[in-house]
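Asks: Each chain, written out:
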Amino acid sequence: MTCFALCDVNNMYVSCERVFQPRLNGQPVVTLSSNDGVAVARSNEAKALGVKMAQPFFEIRHLEREAGLIAMSANFELYTDMSRRMVSIARKFAPRCQQYSVDEVFLSYDGADPSAVGPYSTFTDLGHALRSRMLRWIGLPSSVGFASTKTLAKLANHIAKSADRGLGGYPRHLAQVCDFNALSARELEALFAATPVNDVWGIGRKISAKLNEAGISTVSDLVHADSATLRKRFNVVVEKTVRELRGISCLDIEDVPAAKQQIMVSRSFGSAVPDLPSLVSAVSEFASRATEKARAQGSAAGAVTVFVMTSPFRAQDRQHSPSTTLQLVRPTNDTTQIVTTAVRGLREIYRSGHRYAKCGVMLIDLRPQELSQGELDLFGGGDELEPPAHREPARDRTRLMTAMDALNRRFGRGSVTLASSGLGTERGSWATRQERKSPAYTNSWEEIPVVRA
Amino acid sequence: MPIDDESNGPRPLRRRQRNSDDEGLLDTHALAAGFGAAIDEASTAGISLDELLISNPVSTFMMRCQGDALRRAGLVSGDVLIVDRSITSQAGQVVIAVVDGELVVRLLAREGGALALASDAGIEHRGDEGFEIWGVVTASIRKMPT
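The listed protein sequences derive, respectively, from chains A and B. Take the first sequence: its position 351, counted from the start at 1, is 351 in this note's numbering, and no numbers get skipped. Just remember that this note's numbering sits 1000 ahead of the position in the second sequence, which is counted from 1.
Check the hints yourself; a few may be wrong.
Ranges between beta-carbon positions, derived for each pair [unchecked claim]:
no., chain 1, residue 1, chain 2, residue 2, range
1, A, Arg165, B, Glu1132, 21 to 29 Å
2, A, Pro119, B, Leu1053, 23 to 31 Å
3, B, Glu1132, A, Leu276, 54 to 62 Å
4, B, Glu1132, A, Gly111, 33 to 41 Å
5, B, Glu1132, A, Pro119, 24 to 32 Å
6, B, Val1076, A, Arg318, 47 to 55 Å
7, A, Asn44, B, Arg1126, 37 to 45 Å
8, A, Glu348, B, Arg1126, 58 to 66 Å
9, B, Gly1101, A, Met1, 45 to 53 Å
10, B, Leu1053, A, Asp113, 35 to 43 Å
11, B, Gly1101, A, Arg172, 42 to 50 Å
12, B, Glu1111, A, Met1, 50 to 58 Å
13, A, Ile248, B, Arg1110, 16 to 24 Å
14, A, Ala182, B, Ile1123, 41 to 49 Å
Source of the hints: derived by calculation from the structure; they are not laboratory data. This structure is a prediction, so every number in the text was calculated from the model and none was measured. Just so it is clear, CB atoms sit at the ideal spot from N, CA and C, and this is done for glycine as well.
With these hints in hand, go ahead and build the complete structure from the sequences.
Replies: Quick look at the structure:
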């Protein structure tokens, strides 16, 4: 029998900030993304003040004065580094390991015997050992859930986390680490009956509203519902989820292939020397193909590199091989944004009078697209807890782009621009607003923490 | 600092990453140098400071010392401190501690039966004054005037 575990850092972004600024412990803290516009992570104290996920900052700003709320700009360099450390630690606790998002790692075990991976008599012991190493080595608090399927492991994790916060009326002994396989059928049934269906991974708000209408309000109701009826009334996602809840594993650990670290698309032009408009269209095409690849592997890019180069084999030509890297306002795999950014970079580096022989686009700073989930959710109305196999690809506005380009060709460049991208013509207006960002403690010698002696 | 799964022993130098996935072949490190510049891939391995100074990269963080209250322990303002959180702290070590929500570097001392934080001036915080150990300083790096 396969056993799955989900290890999940509690309030990841805020917890990372607290490692380097211990004065934030016990304080209501949120981190902001999207030009400091939206709260994307909340400490338990901030949740207790009623701050919602993806809530606009202007709606909660008054809490700074009234309740001592501390709002910080998201520091993705820091979170990404801490996330890598988290995965390295988790790897030592299981034969197989898959990073699911910036703060979640799935582990899987072949048998029911945890002593195969270390000196642990039960998976609960193993979970506590993992949790305490995570806390000790990198300062991050986490929760661990074990079960026979990924969906159940995610639910066990949710219960471990809720029990730790004293929520949901769950038994205290399940706090921090919860192993469904160690519970009796009766205990498990009691947990299911106490858990609303929208706490289940893959059951979003819309589906859970429909389920509620059909009289299915708890996990227990869902597990005991008639499969054929569910299949008729709901989609295949719900059916798969229910099978997973019944202990039939449908999502394997290797469902999602390892993501690439960067994606490159480039081309040489041969003898034909392109002018700026042809370079613009080449770069647009490369950027949109690179973005498709990013979406295919479930990644979002944090930055885009564009380069053009003259041919080193034509010694008689003046050589000019510049490149530039532009940060995206937030990690994205939206074609429109990436194409716009790449073309902007091209215009910056292009100098007329050179015989460019090659150009290319590279997406870098790739991260799981869940990282910007809160925001995608805000704009796309998608469900927050969709498993990877079920998730719909992010919106692809390639056709919109094509139509726009056609209009611009006909009526002159700049006739139609993207209101949604919020672009001015100046580089300055493109810069991300992150006024409250903490230093890159682990990524820059200039910004490492300073300690008083 | 690269993060590696193997926390012990020498690690092979990572090869520069090539992305041969697509039509083009690009050395990502050439980006910084401009595309005309050819970069020699076969650089010699040499010896590594990481190998000497960092035994557990996953739990190791860098900090900068500010102030001269630990000169007798060998620290000078501006030193880079290598801090390993995986090491169990004991008296006699230089540690990073949390005092009043702030990270400070101190000498961990034993006073009576209890641990205490000390500087050159003597004992500053006793165990019952509520401090927490953040990590153990395993090395200090100082640049010399050149």
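Asks: Each hint should be assessed against the structure and marked as holding or not.
Replies: Hints and how they fare:
no.	hint	in the structure
1	Arg165/A with Glu1132/B: 21 to 29 Å	holds, 22 Å
2	Pro119/A with Leu1053/B: 23 to 31 Å	holds, 30 Å
3	Glu1132/B with Leu276/A: 54 to 62 Å	holds, 59 Å
4	Glu1132/B with Gly111/A: 33 to 41 Å	holds, 39 Å
5	Glu1132/B with Pro119/A: 24 to 32 Å	holds, 28 Å
6	Val1076/B with Arg318/A: 47 to 55 Å	holds, 51 Å
7	Asn44/A with Arg1126/B: 37 to 45 Å	violated, 31 Å
8	Glu348/A with Arg1126/B: 58 to 66 Å	holds, 59 Å
9	Gly1101/B with Met1/A: 45 to 53 Å	holds, 47 Å
10	Leu1053/B with Asp113/A: 35 to 43 Å	holds, 39 Å
11	Gly1101/B with Arg172/A: 42 to 50 Å	violated, 29 Å
12	Glu1111/B with Met1/A: 50 to 58 Å	holds, 54 Å
13	Ile248/A with Arg1110/B: 16 to 24 Å	violated, 58 Å
14	Ala182/A with Ile1123/B: 41 to 49 Å	holds, 47 Å
Violated hints for the displayed structure, listed by number in ascending order: 7, 11 and 13.
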